[in-house]
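Asks: Take a look at the letters that make up each chain.
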Amino acid sequence: MSTTAKDQILTFVRERYPQAEIDASQDIFALGFVNSLFAMELVMFVEKTFGITIPNEELRIDNFRTADTMASLVARLSADLAVA
Amino acid sequence: MSVIGVIGAGVMGVGVAQNLASTGHDVVLVDKDEKTLAAALATIERNSRMSRLMGGPALDADEILSRITTAVGAAGAAKAEIVIENVTENWDVKREVYETLDAECGPDTVFVVNTSAIPITKVAAVTGRPDKVVGVHFMNPVPAKPVVELIPGFHTSPETVERTKDLLHAMGKKAVHVKDSCGFISNRVLMLTVNEAAFLVHEGVADAASVDEVFRGCFGHPMGPLETADLIGVDTILYSVEVLYEHYADSKYRPCPLLKQMTDAGLHGRKSGRGFYTYDSN
Ligand SMILES: NC(=O)c1ccc[n+]([C@@H]2O[C@H](COP(=O)([O-])OP(=O)(O)OC[C@H]3O[C@@H](n4cnc5c(N)ncnc54)[C@H](O)[C@@H]3O)[C@@H](O)[C@H]2O)c1
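So the sequences go chain by chain: A and B. Under the numbering used here, the first sequence has 16 at position 12, and the numbering climbs by one with no breaks. Under the numbering used here, the second sequence has 192 at position 182, and the numbering climbs by one with no breaks.
In case anyone wonders, no lab produced these hints; they're calculated from the structure. A quick note: this is a predicted structure, and the numbers were derived from the prediction, not measured. Treat the hints loosely; a few may be bogus.
What the hints assert, rightly or not - Simulated crosslink set (SDA-like; lysine to any residue; CA at most 25 Å straight-line):
hint, chain 1, residue 1, chain 2, residue 2
1, B, K155, A, N39
2, B, K183, A, K52
3, B, K281, A, M48
4, A, K52, B, L277
In isolation and in its complexed conformation, chain B is listed as follows (with noise of 0.2 Å):
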């Protein structure tokens, strides 16, 4: 029975993990210390409970943990048929990430990339199969969200673009097309939406709480900016935008400094408890 590697179990990789073991397949997560590992089955456990309540279908907690197995390394995804990578948005550790994976994996394993913003022709470029490497941005929370971006690299081959169609098929994954840019388009427009909110916060112009209210009562948006901002994580918002501002050398994603002080006082959002409101986590 073939595995997929999963590597980095964090907020992302947790999602991706649940999805794929309520979808029958085996996954072996990977982080890098048994701790984050050990986090992130209790989190799966405790999502896949809450799945009814959450909208989704009633989950199996055991079952669901019994096709998962875990590894400290990149090296312990080397037997599996398509790794999802879901690591740190920073290029240095996606990098080494790959260095390892493209050393360690057979010739034939398909590399996925979820990444927020980071090039999938750039990360393919790093690797000695750059056929191979294709980009997957899933949405967060995983298993409550049907659709994602599916970026083939510049040198991406139609088998691969296949292969990862059929597991996001099986995932119960729509994928919408989009060519190899940075941000693709959900994130060239919603960083930049979280950024400028951050920076009315900063500014004093209004308080968290009424900069979402604004985009749900009068856009009707089910979550404000903020929010999602808390969702998705502070750090992995302001890493996006910097790689946004990088890549495109334009001032325009330039971060706000709130974002950076949030993210060094340790306020990632709903994962660490508090970011821009505060949670009752655990």
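Bound-form chain A, shown alone (with noise of 0.2 Å):
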């Protein structure tokens, strides 16, 4: 499961930035070209494709820094769900 919302992340961020070589623990916001209007994109297609509300103590840089952070938001966020 988090290795494909890895992919899924993956894919959607270098459809945005083909120029550049994107790996899974690559911080996309120092790449210097990635402004904070992208981390909304970000946010957006994460609860999208996840089917998750991601609550607003979440909604730090931080987690959305790299395709890695941004999968095991996934994965923490779906396994609350599973348990609720």
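Reassemble the complex: the two chains are provided individually, in unrelated frames, and hints are given to aid placement.
Replies: Below, the structure is given as structure tokens:
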């Protein structure tokens, strides 16, 4: 589950920034050409793709820096969903 | 409790309403139809949620929305103490809105014109209160931009300027004073830059990503001119360049045909999901 989430997220990011080489541990906001508006697009993409609502306290830039951190956020929130 | 009228619930109206509500003001947000207003409230809710992520303060979306009521038609702002107008950058559209506002609002209501290029004196002349009309060129996204241009028209009174400065101060804005002229400081320069950048793409000299990379990488700008065009709205860029072209009657402001085609094709930038780049909107 979390591998697929990671792949889907990476595909989305790579499609937007085809000129850059981006792997799962790359901090995309450290690339120099990704601005904070893209963070908002990431939130919307993640919520729509994985059917989750990210709680306000998780809407921190650190959760969206890399495909890895986004995938673990998705895994964490999906686990919460399964428990609830 | 006094209320601030915000006319036009597009890119700018949404930002102005959110900024006002988050600084404790009651707002009536006005547009032409219910559908636009519903979409505007959804955008305000989303942007409030994202505020901290974007480097702003943490905001309570429910509290912000509780301060905003909506109305269809400019007459909905009749009771406002100050009206901030952000309708489409088109003279006929703005003129009609000011005629309605002038007829409906009380004699002391101040009209704040948020325009990219239209001279404030020209707007004031449509009303019977040219002393109470003043220009404020807000920057986009409004809640994230601490500086605005403040433009008194020919007849604007010092009291009107003071009342406007007080409101701007309460909204967390610093005002740079500019004399009334078409395009002020910012858009005399920025619109020509964006227009010329569009010509580069139109002529096939470079693609949009390369144009923007030069501005970011070589000049250290946080965003290139074409990303900026997508943020502002490609249609709004075209209308602003057209306003400059007509006003100065100077061919240096001739709008790039690509901007016209993109506007006709609905490629309006971020707000429509596609402009010079494609976005995952909604
Ligand atoms: N987009 C920017 O970055 C930016 C920055 C500074 C200033 N401005 C200026 O702000 C103004 C608004 O720009 P925008 O980008 O928000 O445009 P927009 O196209 O996103 O929104 C304009 C809104 O005005 C509404 N409207 C049109 N006629 C109306 C009427 N008669 N009554 C009520 N509402 C009406 C439209 O339905 C639309 O929702 C323009 O004058 C523009 O030049 C824009």
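Asks: Each hint should be assessed against the structure and marked as holding or not.
Replies: Hint check results:
no.	hint	in the structure
1	B:K155 to A:N39	15 Å, holds
2	B:K183 to A:K52	35 Å, violated
3	B:K281 to A:M48	14 Å, holds
4	A:K52 to B:L277	23 Å, holds
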